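Peer 1: Respectively, the protein sequence lines represent chains A and B. First residue of the first sequence: 1, per the working numbering; consecutive thereafter. First residue of the second sequence: 112, per the working numbering; consecutive thereafter.
No lab work stands behind these hints: they were computed from the structure. If you're wondering where the values come from, they're calculated on a predicted model, not measured in any experiment. The beta carbon of each residue, even a glycine, is placed where N, CA and C say it ideally should be.
If you anchor each label on the Cβ, the simulated ranges turn out as follows:
hint: 1; chain 1: A; residue 1: E70; chain 2: B; residue 2: E169; range: 25 to 33 Å
hint: 2; chain 1: B; residue 1: Q193; chain 2: A; residue 2: I110; range: 35 to 43 Å
hint: 3; chain 1: A; residue 1: P111; chain 2: B; residue 2: S170; range: 40 to 48 Å
hint: 4; chain 1: A; residue 1: P111; chain 2: B; residue 2: P194; range: 37 to 45 Å
hint: 5; chain 1: B; residue 1: S176; chain 2: A; residue 2: I110; range: 43 to 51 Å
hint: 6; chain 1: A; residue 1: T22; chain 2: B; residue 2: M126; range: 39 to 47 Å
hint: 7; chain 1: A; residue 1: G54; chain 2: B; residue 2: H190; range: 46 to 54 Å
hint: 8; chain 1: B; residue 1: S173; chain 2: A; residue 2: I110; range: 43 to 51 Å
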Amino acid sequence: ILNVEQSPQSLHVQEGDSTNFTCSFPSSNFYALHWYRWETAKSPEALFVMTLNGDEKKKGRISATLNTKEGYSYLYIKGSQPEDSATYLCAFSNTGNQFYFGTGTSLTVIP
Amino acid sequence: DTEVTQTPKHLVMGMTNKKSLKCEQHMGHRAMYWYKQKAKKPPELMFVYSYEKLSINESVPSRFSPECPNSSLLNLHLHALQPEDSALYLCASSQAGTSGTDEQYFGPGTRLTVT
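Just need the whole structure built from these sequences, with the hints factored in.
Peer 2: Given below as structure tokens:
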């Protein structure tokens with residue numbers, strides 16, 4: 001079992017604030033890093049798949065960066081909205097089909 | 112259709128029962144996964160099927176028995192479970208058989224309670 005850590009565990013921000021959280025993973029044998037958003041009572045939804053050191057990906061107000069040499073990825077949300085409230089999960093893969101998830105960061109955006 | 116469906120949504124079973132969880136996707140994906148998630152813990156990979164063949168079994172007890180009858184369907188047969196097996200069981204699929212770079216599409220899960 002590989003250790004994938006996410007911080008913080010939970011976060012409350014005001015509507016309009018920008019925020020970011022971290023996913024840490026083993027820096028050896030990196031294959032891919034996935035980010036998912038999981039809203040209550042729904043299915044986890046893929047946000048990004050990142051594979052190259054230095055990758056930066058963006059989808060609307062959400063973006064992510066990747067540092068495979070030091071083993072971390074940041075997820076940024078610009079101008080948070082109440083609909084961004086969800087748990088954000090990262091999943092590390094070192095071989096292809098095996099994925100190791102972090103415990104997630106629970107984000108609550110207060111209107 | 113980008114949906115992964117899972118049935119049932121909720122299941123309560125006794126320790127001597129036999130039941131099955133079902134997962135279906137019609138996206139032409141060739142990899143399918145079972146995950147188990149207990150409260151406040153990350154999803155844990157149980158099984159991976161690639162091109163309808165079991166490619167990964169993460170040392171899961173034999174009371175859980177996966178089956179992939181065709182490329183669209185994935186079952187998880189349950190027998191003689193323990194109360195500690197109560198959890199959310201998530202199914203996912205992805206496009207290729209062996210690439211970790213494909214997005215996984217998740218179903219909503221089956222909430223299992225073993226009494």
